[in-house]
Structure formats: structure tokens, C-alpha cells
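S.K.: Listed here are the chains, written in short residue letters.
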Amino acid sequence: MRKKGYRYFVIIVILFVGIHLVQIQIDYRKKLENLETALVLLPGQMAGSLVLGGFKGLAADLLWLQMESYWHSGQHYKILPLLEAIAWLQPSYILVWTIGGWHMAYNIYAEVKTEEEKQYWYEQGIKFLKKGLSYPFNANKYDIYFELGWTYYHKGKDYPNAVKYLEKATKYPHPDYVDDVLAHAYEKNGQIDKAIKQWEFVRDNYTAFFDIATRMINDLKTKGKATP
Amino acid sequence: MKRMWLVGLNTFRESIRKKTLYIILIFALIVIGASKLFSFLTAEEELKMIKDVSFSAIEFFGALIAIFGALYAVSAEIERRTIYTLLTKPIRRSDFVIGKFFGVSMIIFVNFVLAAAFFIGLLIFKKSPPDIQVFKTLLLIFFELILIGSITLALSTFTSDAFNIICSFFLYIVGHLTSYGKELIERMENIVMKGLTDMLYTLVPNYENFNIRDKIVVGLDVSWSYVGWTVLYGILYMCIALYIALYFFEKREV
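Residue numbers (the numbering used here), protein chains in the order written: chain A, 68 to 295; chain B, 1112 to 1365.
So that you can see chain A by itself, here it is in the shape it has in the complex (with noise of 0.2 Å):
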């Protein structure tokens, strides 16, 4: 019996030198993938993110629908702690960043009263979108990035910004809506020869925006100028 129960510690031993092994693969593709469940450094946060354990998302979506909540009856200032905590409970969450961005930047904007009041949001908004950005799972996708690049186009009126994050947009898997955006913007920021090329990606390669792409690229030849 004494010799059988060595023979079950040596296995036991050997499998856990296994586990270890295939720990190690596991953690390296947790890096790889983005998968890594990280520890939050805030104090308050920490202890938030050990009770939750395995259901951070649950969470995340009661918050949701308490954000939903506030927004329909209109207490759209109690809505932002809420997103900054589904922010950091799901942050691959990606309507978070673009839901929160446009609500400082929009609704929050049309809210407050005095042009510094209003530059604070637009601000705040951009500041938001840019923090959603730093994680590395959102970085390799459009939504952000035409996020940034409609508030700085449509909202600021920064048209280099909005090129910049446009373009980034387009490297990625995206609806057509971007391509059509950013040759706007190619106008605005005065490249037209961008802008005419852009035209004709879009004329080329998506049908629903034939008509509009080939008044765009003949205004822009003949007038210098499309966007209204």
C-alpha cells in the first residue's frame, strides 16, 4: 500500500509539473490574445475587480441598464461615473468608449451653457475616446478611431485631427460610412486630390454610394468644392 501511494505522489507530481508547462503556454497566449485579466491598481478597484471574480460582465450590464436608466429620464451628469466604472470592468466593451465619448462630447456639449463650459466637454469627450484607445484590444479595431474622427470633423471642426483618425479608421475592417466620412474630410482639410481619389474608392467599390461619389468628384473637379 506504502509503495503504491509513492507511486501515486510521483504521478501526481509529474502531472503538476504538466500543469505548470501548459500554464505557462496558456499565460503566453493570454498575452498574445489580449485575454489577460488585469489587475486594476486602485485600491477601491482592486477589491472590486477579487469579489466579482468570473462575472465582471454581469456587472458590467447591470450598470448598463442603470446608465440606460439615467439617460432616459434625462440625469445625463449621473451617467458618467457609470461609464468610467463599465469602462474599467469590461474595457474591450468598445460601445462603452464610443457611447461615452459622444455623450460628453453631444449631449453634455448641448447641455451646459458657456463656450468654456462647452470646450471642457468636447475636451472630456475626446480625452474618453483616447483613453479607450490605450487598450490595446480596441487599438486594432474602427470604432474608436471613426469615433474621434466624426467628433473632431463634425463637433470640432478640427479637420487634421479628423483626417489622422479617419485614415486609421480605414485600416481596419469597416462600413462604408467611413470611407464616405473621410473623403469629407480629405475636402475640408484641403486635399482635394485626396479627397477626388477618395471619391473614387468609394464610387468604385461600394453601389448605395455611386450617385453621390460621382457628384462629389465632379463638383470637386469643376468647383473646387463638394461639401456643402
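Do not rely on the hints blindly, as some may be mistaken.
So, partial list: chain B residues that the calculated Cβ filter (under 8 Å) puts toward chain A [stated by the list, open to error]: (1) E1155; (2) E1156; (3) S1167; (4) N1301; (5) I1302; (6) T1313; (7) D1325; (8) V1329; (9) L1331; (10) V1333; (11) Y1337; (12) W1340; (13) I1351; (14) I1355; (15) L1357.
Chain B residues, not near chain A, derived (Cβ > 10 Å throughout) [unchecked claim]: (16) E1125; (17) M1160; (18) F1179; (19) A1187; (20) I1202; (21) I1209; (22) F1213; (23) V1221; (24) A1228; (25) G1232; (26) D1242; (27) M1304; (28) L1307; (29) G1330.
Please keep in mind that the hints were generated in silico from the structure rather than gathered at the bench. Ideal placement from N, C-alpha and C gives every residue a C-beta, glycine not left out.
Position chain B against the provided structure of chain A, taking the given hints into account.
M.R.: Below, chain B without anything else, positioned relative to chain A:
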């Protein structure tokens, strides 16, 4: 092999007579079904919530089924003294333990398939048929549940039911937190402490390896390579649990 199969089948038949497991399964189905209540959200948000709630329900209630299913598999035989009759027959103790493992795995499998089918049905109903990533998540949840069951089974060979429940739940919680510990280990400077905690990191089952649902619901892709390594991890840990169960059950005086 036939003897193991018979023990397993008997364990499964006995378990499906228990009401506890049905109640847990019904709870799981209610929770999964309730996720349809989020229809006031946008389609993308709703789908994320359906997936989040369903994956969590399948895992959490599945873990309850695994723990309670495995808990009574051995202890009930000892309590009712049916084990004495059983062991007088030409059944080796290893046949009995491995057979029990098969039986518990069957219970977990049937409950898992029912809950997963309900969830997949819900996705199809929502016109968003499950993609391969959903199946990868379900596969890893299934292996996690089998691992939880095998650890509880191993504990049941040498502990009381009460201690086993506490220990299994404790491991379930701690096993989901070990990934956080890894980051702390990497920052440690004391080599002895680092070695000890690294060893602990290997010894405690890392259930967080199986948790890819938070990534899948937000559209991240997980490779087959990751899934493969994690399944291998699960199988190795199950072997350890079974060897521990065999060791203690052979030593046990019944």
C-alpha cells in the same frame, strides 16, 4: 471498463432521480430566458446582455450541479452503506472511483447540453445564430464544470460533506482569482516568496483560464490554440483529481 461504465450509469440514474439538480437546472433556464427581457436596448446591447447572462448562468448553475452531483456520488453510497455490497462484488476501488467520475460527468453533460441548447435557441430566435466563438466559450465552460466536479469528487473521498461544500466553493472563487495573483508574482523581488507563490499558482486550479466569455461577448476572437491548451490543462488537472481520489479511497476503511 464495463464495470466502470456500470458504476457510472448507476450514478447517473441515481442523480436524475434527485430533485435538487432539476431545480438548479430550472433556475438556470429561467435566468437564461429572463435575459430576453432586455429587448428595450439596442440590438447590439441586447445581444451582449443575452450572452453575458446566459454564459454566466450556464457556468454558475453548472458549477452548482457539478458540486452537488459529485458531492453525493461517493458519500451517499457510504451513508446508505450500499458501498459495502458494491465492494464485495468483483469491482476494484479504482473502477468505483473512475466509474463515479464518469457518472458525475454524464450528469454535468446532460444539464450542460440542455442549458446550452436553450441558450443557442434563444440566439437563433434573436436572429443571431451562434458563431464558432460561442461554441469555444461553451466548450471551455463544459471542461471547467467537469474539472469542478472531479475536484469535488476527489474531496469527497476524504472529507465530510460540509467541509467538501465549503472547500469546493472556496476553490471555485479562488480559482477565478488566481490570474490576478500572477501579476503580483511577476512584481515580487524576493526569490523564495516568488517561488512559493509561483508553486501555489500551479497548485490551485486556475478556473479563470476557462473564462473567455467576457472577451467573446465584446467581439474579441480566441484562437483554437488557446482553447486546446486550456482543454489540456483541464484534462491534466482532472487526472490529478482522480489520482488523489484513488489514493484516499484505497486508503479509506470501508
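S.K.: Confirm or reject each hint.
M.R.: Hints and how they fare:
At its closest, the beta carbon of B/E1155 sits 7 Å from a beta carbon of chain A; the interface hint therefore holds under the 8 Å criterion. Hint on B/E1156 holds. Least Cβ distance to chain A is approximately 7 Å, under the 8 Å limit. Evaluation of the B/S1167 hint against chain A yields a held restraint, the C-beta minimum of about 5 Å falling below 8 Å. Interface hint status for B/N1301: violated, as the beta-carbon distance to the closest one in chain A is roughly 19 Å, over 8 Å.
Here the hint on B/I1302 is broken, as its CB sits about 17 Å from the closest CB of chain A, past 8 Å. The beta carbon of B/T1313 is positioned within 8 Å of a beta carbon in chain A (closest approach about 5 Å), and the interface hint is therefore held. Interface restraint check: B/D1325 against chain A, minimum CB-CB distance 4 Å, threshold 8 Å, status holds. With 8 Å as the threshold, the beta carbon of B/V1329 comes within range of chain A, its nearest partner Cβ sitting at about 5 Å, so the hint holds.
The interface hint given for B/L1331 holds, since its Cβ lies 6 Å from the closest Cβ of chain A, which is under the 8 Å cut-off. Checking B/V1333 against chain A: minimum C-beta separation of about 6 Å stays under 8 Å; hint holds. At a threshold of 8 Å, the smallest CB-CB gap from B/Y1337 to chain A is about 4 Å, leaving the interface hint in force. Given the 8 Å rule on beta carbons, the hint for B/W1340 holds: about 5 Å separates it from the nearest Cβ of chain A.
Hint status for B/I1351: holds, given a least beta-carbon distance of 5 Å to chain A, under 8 Å. This hint holds: B/I1355 has a C-beta 7 Å from the nearest C-beta of chain A, less than the 8 Å allowed. With its C-beta approaching chain A no nearer than about 7 Å, B/L1357 sits inside the 8 Å limit, and its interface hint holds. Interface exclusion of B/E1125 from chain A stands, the closest Cβ pair being 28 Å apart, more than 10 Å.
A cut-off of 10 Å between C-beta atoms contradicts the statement that B/M1160 is not in contact with chain A; the least separation is 5 Å. Every CB of chain A is more than 10 Å from the CB of B/F1179 (nearest about 19 Å), matching its label as outside the interface. The beta carbon of B/A1187 sits about 25 Å from the closest Cβ of chain A, which is more than 10 Å, so the claim that it is off the interface holds. B/I1202, annotated as away from the interface, keeps every beta carbon of chain A farther than 10 Å; the closest lies near 18 Å.
Non-interface status of B/I1209 relative to chain A is upheld: no Cβ of that chain comes within 10 Å, the nearest being about 14 Å off. Annotated as non-interface, B/F1213 keeps its C-beta farther than 10 Å from every C-beta of chain A; the closest such distance is 20 Å. For B/V1221, the requirement that its beta carbon stay farther than 10 Å from each beta carbon of chain A is met, with the minimum near 23 Å. For B/A1228, the non-interface assignment is confirmed: its Cβ lies about 21 Å from the closest Cβ of chain A, beyond the 10 Å cut-off.
With a least beta-carbon separation of about 21 Å from chain A, B/G1232 lies farther than 10 Å from that chain, consistent with its non-interface assignment. No beta-carbon of chain A is positioned within 10 Å of the beta-carbon of B/D1242; the least distance is around 15 Å. Every C-beta of chain A lies more than 10 Å from that of B/M1304, the closest at about 17 Å, which supports listing it as non-interface. Taking the minimum C-beta to C-beta distance to chain A, about 14 Å, the non-interface status of B/L1307 holds against the 10 Å cut.
Not every Cβ of chain A is farther than 10 Å from the Cβ of B/G1330; the closest lies at roughly 7 Å, contradicting the non-interface assignment.
Of the hints listed earlier, those the structure fails to meet are numbers 4, 5, 17, 29, in rising order.
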